[in-house]
Amino acid sequence: MTDTTPPLSAPTAFQPADGSGYHRVLLKLSGETFGGGKVGVDATIVRGIAEQLAEVAAKGTQIAVVMGGGNFFRGAELSQAGMDRTKADY
1 MTDTTPPLSA
11 PTAFQPADGS
21 GYHRVLLKLS
31 GETFGGGKVG
41 VDATIVRGIA
51 EQLAEVAAKG
61 TQIAVVMGGG
71 NFFRGAELSQ
81 AGMDRTKADY
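Counting from 1, one number per residue, gives the positions in the sequence shown under the working numbering.
Everything hinted at is true.
DSBU-like cross-link-like pairs, simulated, lysine-lysine; straight-line CA separation at most 35 Å:
hint: 1; residue 1: LYS59; residue 2: LYS38
hint: 2; residue 1: LYS38; residue 2: LYS28
hint: 3; residue 1: LYS28; residue 2: LYS59
Quick caveat, the hints were computed from the structure, so don't treat them as lab data.
Take these sequences, add in the hints, and give me the full structure.
Below is the structure:
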């Protein structure tokens, strides 16, 4: 049996039909990204991110976005409100 697995140091890129880049990407953004340096959500920041994602998606790249919730919930704050700290941090 021949091992066809690329070495760990070799980048693995899946090219879409148009050759523009990756076929699928997973983008993990901190929840604080959406706040523009403040607590909560800044609509201008969200719009800018959405426009950039739409531009990439229009080229055929599938995008999955994982958003953190740090700008909405903090374990320390939730534990003060009575939630178990080990659960509040998740």
